[in-house]
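Colleague: Once you have looked at the hints, place chain F on chain S.
Number of protein chains: 2
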Amino acid sequence: MIGFPGIEDLSVSTPSKIVMLVADGLGGVAHPEKGRSEMELASLPNLDRLAKQSACGRTIPVLPGIAPGSGPGHLALFGYDPLKYFIGRGVLEALGIDAPIRDGDVAARGNFCTVDEHGLLPDRRAGRIPSAESMPLCQLLDSIEVDTAETIVLPVQDYRFVLLLRGEGLSDRISETDSERTGALPLPVSALAPEAERTEVIANAFLQRAAEVLHDRDIANMVLLRGFSKIPELPPMGKAYNLNPAAIAAYPMYRGLAHVIGMKVIPTGHNFDDELDTLSKHFDEHDFFYIHYKPADAAGEDGDFEAKVHALEELDKRIPRLEELNPDVLVIAGDHATPSIMASHSWHPVPMMIRSSLTRGEGIGEFTERACLSGSLGTFSAEHLMLQTLSHAGKLSKYGP
Amino acid sequence: MIGFPGIEDLSVSTPSKIVMLVADGLGGVAHPEKGRSEMELASLPNLDRLAKQSACGRTIPVLPGIAPGSGPGHLALFGYDPLKYFIGRGVLEALGIDAPIRDGDVAARGNFCTVDEHGLLPDRRAGRIPSAESMPLCQLLDSIEVDTAETIVLPVQDYRFVLLLRGEGLSDRISETDSERTGALPLPVSALAPEAERTEVIANAFLQRAAEVLHDRDIANMVLLRGFSKIPELPPMGKAYNLNPAAIAAYPMYRGLAHVIGMKVIPTGHNFDDELDTLSKHFDEHDFFYIHYKPADAAGEDGDFEAKVHALEELDKRIPRLEELNPDVLVIAGDHATPSIMASHSWHPVPMMIRSSLTRGEGIGEFTERACLSGSLGTFSAEHLMLQTLSHAGKLSKYGP
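If you read the protein sequences in the order shown, they are chains S and F.
Per the working numbering, the very first residue in the first sequence carries number 63; after that it's consecutive.
Per the working numbering, the very first residue in the second sequence carries number 63; after that it's consecutive.
Looking at chain S on its own, in the form it has when it is part of the complex:
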């Protein structure tokens, strides 16, 4: 169950069309010297105009004070309780590189590390070796063979890689090998449940072979494995909401996440303009579109205030392309805030708006964190955004007689 008890019976399929734009890392925090946030300093004439005709508010991604990763941040926007439903780190990392992960695979986030002659860890990240150096090492690891399972190693970036364990009856209930302490030994993998004992043996066999093939190196001569996880079974979003939902995202991780919750992932290009082209081309084929805008988050993560302002202005310029399609409901939201002054995801409530035929008489002066505070929707849990969205689209019946 997602969204609401009995949502399958309350939601109705109608011809109305919903576009939900997720501006990753949308919200920010006022700069200590400027006294204004990125959204407040950016020139956003199109978003401001939309806000004047929209029901506005702010979403809390998980709980007040909790900064979410991209997984929980997105799951909540689609109505999945982020405390109940979880996509593990290994799986998310695999999805992020378009890895050929299958149901039943156990994925781990791996990284090269350096061990001394006693096997102790002077450097948990192997000097953050660049991709050029780690790529051939990943190929070496990928050639490892262990009994009763296939092991696949795929490079991510720099010192990071993904390990996939593939075989019958594998379990992700095994412990991580990174003790998170320099000078300690890497930990062996341990089964956390009886059904994981065979997977423990497989993972430790892989680690043993990895130590052997990397043995002659001075640095990056061992690996650490974290976040063992399988693709979780999540209730399909389309079934819950009686929708035919589609995802358009240039970044693999967001496509992967959408796939996991049962959205149709429409192939697209490498940037938001490509995504908009894809949306236009396929607009007749679905009643719900999730479209993802990444640059605001990337700039925020870099701690680059001006770049985030610019990323928001670039988004604003493209808003008319969404309006041209004339969706019945246009939602603009974010999965979490990424304040430039923090250079990371944050817990701050995220500005949002819903425009529909029901909201033309209301609105707020501009689309900013501060202005959205006085929007009619107030501050609410992101998990309820889909309910608001479906209701505005006339796709949700009354609860109870």
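Derived DSS-like pairs (lysine-lysine); straight-line CA-CA distance at most 30 Å: (1) F:K114 <-> S:K114; (2) F:K146 <-> F:K79; (3) S:K326 <-> S:K379; (4) S:K460 <-> F:K356; (5) F:K146 <-> S:K146; (6) S:K114 <-> S:K79; (7) F:K326 <-> S:K460; (8) F:K96 <-> S:K460.
Bear in mind the hints are in silico, worked out from the structure with no lab data behind them.
Modeller: Quick look at chain F alone, frame taken from chain S:
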């Protein structure tokens, strides 16, 4: 348990008096051309004056984005979690016509439909035949006798009626007969649990006899039954809150609902003026009064913006009659919004205010959706309104040492 864990021990009986006016369908939405809501366009001098001396806010009836029926909308106002406690459609329909429903009866919402020579449904509502035509048909159905249970049929309006099944050991765990598809056969009743098998037989026997007595007719020659339900066992409100609560409502359904949660229902007349007379007359007898105002909802449901403005103004004129009684706490709230531009119940947060001796120094400029957004109570779950109310009346002790 309703309201709060251990509420029976926290709540204390005191002489202070509470009046809770529920203005049905109170809130609305800004008209797309006027840019203002019904409350904003209405002249409400008395409510505005009260709002200046009240703790104001907005209630969310169930969850953001969920439009409630009258049942969940009211239950929440009285502190009952509307996802946990539920009054079925058949029961609510029976209460709405003051039907003599008893504990243990199974009530269904019935309607006449038309079947063709193959038993298929060309018209699920029998051309919405008027009451004049359905009344004698209801009498025919009421005369049906089946083994081991009494069957009672009471007209509601037009093509709708209520069926009561009365007897020992009946269960409401039986399925509906309306497939909600034109051209299909009506469904037989099926037991949804082993204890409902006998009730299944009784309901199907009634349907069989109904088909026989209506057989010669061209239209309205069959019936559909939905929402089988019994009066639920709800914790009595008076016991939970240490109150002696009374309900004054001109419309039967609201009286019935109040009765189900253990309020004393005081007989009254046919409109709000009658209700106010009743309130004055019995003001000494109870410490909590629920009084219901219907016309705002009715006008909203009709999609008549001007009529809703008028209904609100008529309510406003009568506010001094409530003030004259000088209740220690006066609550003005709504069970849900009924925006005229939607002509239906909606999910929008509902304006509310609480006036007590503690709120004379605060307040907001006027009683509207927008102004209540900046009221001191903020936007909160309707389920917590009773806690606020009791606290303002000095009837709720501190929780924990």
